[in-house]
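When you get a sec, could you build the whole thing from the sequences and use the hints?
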Amino acid sequence: MAFPTTSILDDFNRASLGTNWTQGLLGDSDLAIDSSTAADGSGSGLWCAARWNVATYGADTEAFATILESVSATRALLGRLDVSGGESAPDGYSVEFNNTAFCKAWRLDNGVATKLGSDFTVSGYGVDSQIGIEIVGTTITVYHKASGGSWSVVTTRTDSTYSAAGYIGLELYDNVTRTDDFGGGTVGGAPTLLPRLALLGVG
Amino acid sequence: MAIAWFLAPYDRILAERFPARECRMNVYTALIAADGGAWAETEVLGNHAVVKVRASAETLATIAADPDITRLPVALLDDPLSSLSPAQKTAIRNKVQALGYTLAEINARFPGDLGDYTLRDVLRFVATRRRKPRYEAGTDSIVLDGVAVTPESVESVDGRVQ
Chain A
1 MAFPTTSILD
11 DFNRASLGTN
21 WTQGLLGDSD
31 LAIDSSTAAD
41 GSGSGLWCAA
51 RWNVATYGAD
61 TEAFATILES
71 VSATRALLGR
81 LDVSGGESAP
91 DGYSVEFNNT
101 AFCKAWRLDN
111 GVATKLGSDF
121 TVSGYGVDSQ
131 IGIEIVGTTI
141 TVYHKASGGS
151 WSVVTTRTDS
161 TYSAAGYIGL
171 ELYDNVTRTD
181 DFGGGTVGGA
191 PTLLPRLALL
201 GVG
Chain B
204 MAIAWFLAPY
214 DRILAERFPA
224 RECRMNVYTA
234 LIAADGGAWA
244 ETEVLGNHAV
254 VKVRASAETL
264 ATIAADPDIT
274 RLPVALLDDP
284 LSSLSPAQKT
294 AIRNKVQALG
304 YTLAEINARF
314 PGDLGDYTLR
324 DVLRFVATRR
334 RKPRYEAGTD
344 SIVLDGVAVT
354 PESVESVDGR
364 VQ
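Those protein sequences? They're chains A and B, same order as listed.
Residue 1 is where the first sequence starts when you use the numbering used here, and the numbers rise one by one after that.
Residue 204 is where the second sequence starts when you use the numbering used here, and the numbers rise one by one after that.
Hints are all accurate, no fakes.
Every beta carbon over 12 Å from chain B, so not counted as near; a handful from chain A, in silico:
#: 1; residue: Asp11
#: 2; residue: Ser16
#: 3; residue: Thr37
#: 4; residue: Ala59
#: 5; residue: Val71
#: 6; residue: Ser72
#: 7; residue: Lys145
#: 8; residue: Val153
#: 9; residue: Asp181
Taking lysine to aspartate or glutamate pairs in the EDC-like style, the calculated list, with each CA pair at most 20 Å apart, reads:
#: 10; chain 1: B; residue 1: Lys298; chain 2: B; residue 2: Asp316
#: 11; chain 1: A; residue 1: Lys145; chain 2: A; residue 2: Asp181
#: 12; chain 1: B; residue 1: Lys335; chain 2: A; residue 2: Asp82
#: 13; chain 1: B; residue 1: Lys335; chain 2: B; residue 2: Asp214
#: 14; chain 1: B; residue 1: Lys292; chain 2: B; residue 2: Asp324
#: 15; chain 1: B; residue 1: Lys335; chain 2: A; residue 2: Glu87
Simulated from the structure, these hints should not be mistaken for laboratory data.
Backbone N, C-alpha and C define an ideal beta-carbon position, used for all residues, glycine too.
What follows is the structure, encoded as structure tokens:
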């Protein structure tokens with residue numbers, strides 16, 4: 001199946017984050033907007049994290065984003081998030097990306113992270129790269145698209161623990177990190193549940 | 204290249220943004236990758252994983268020398284345990300009990316001689332359950348006392364490393 005099958009949810013082309021993101025995921029807050037991109041507003045050497053709260057997706061879920069600066073800072077995409085135990089102790093999956101250290105896939109249980117398989121690297125990861133994750137059944141597929149290139153599979157991991165629909169989210173490390181065009185949803189496009197409508201501006 | 208099955212512990216990783224742990228086999232990823240091999244795991248009871256590794260005989264021996272990793276004495280799931288010595292069979296029973304399965308559970312599943320069973324039988328039993336972890340801030344520890352979770356099957360792990 002082609003990746004992705006869904007569209008951009010947030011291009012961050014505005015002054016403030018708004019109400020479609022819930023902060024506090026994994027105990028980290030301060031996802032912010034800077035120069036129309038997603039930024040880590042928590043400070044140097046700190047993490048921010050938030051989930052897209054407009055709908056839950058899945059069970060088969062995907063998420064993606066575009067890397068801007070700093071390429072060496074870590075970003076993570078999350079899926080099948082269950083926050084019924086609290087924002088700081090979610091269940092679900094997270095995949096970290098960077099180009100100077102190892103990338104990692106995690107299973108989250110009550111906010112405790114268990115690494116799935118080995119560390120891995122992403123070739124050709126740089127500015128304007130796109131990163132993606134797809135969780136279909138028990139398979140977590142990690143995708144990368146270099147600037148000007150095509151989407152390709154980086155690696156896969158397998159885990160059968162969490163199989164229900166959930167939220168997708170984003171984590172950023174360090175206040176020099178800029179990320180854009182966050183997207184995702186149910187693989188194939190239809191959201192599972194719409195707890196509330198997204199607010200639309202009327203001009 | 205050769206195949207081996209191991210029981211490997213999870214280690215706490217301290218330099219992460221959240222309470223985190225990884226399978227000890229990750230320490231040997233570079234060696235396994237240098238062989239052109241692979242490994243896959245399923246977490247089981249007792250903060251351990253059942254791990255299948257494809258690597259050179261030398262790398263498998265290096266992994267087996269890890270004092271916290273147990274190499275199963277046969278390599279294929281359908282290999283019988285009939286060739287194992289009494290000491291090897293006792294060691295397997297003791298290891299399974301050390302993971303957290305009771306003697307009653309083990310004896311109920313494997314009455315009589317463990318040599319009457321296959322590696323698949325033993326690993327399927329080991330992968331009966333695991334416990335959901337939580338973080339205990341007061342002791343800065345990951346505690347495995349949550350609800351029982353059914354692990355990924357050993358057949359799935361087997362299929363991921365060929």
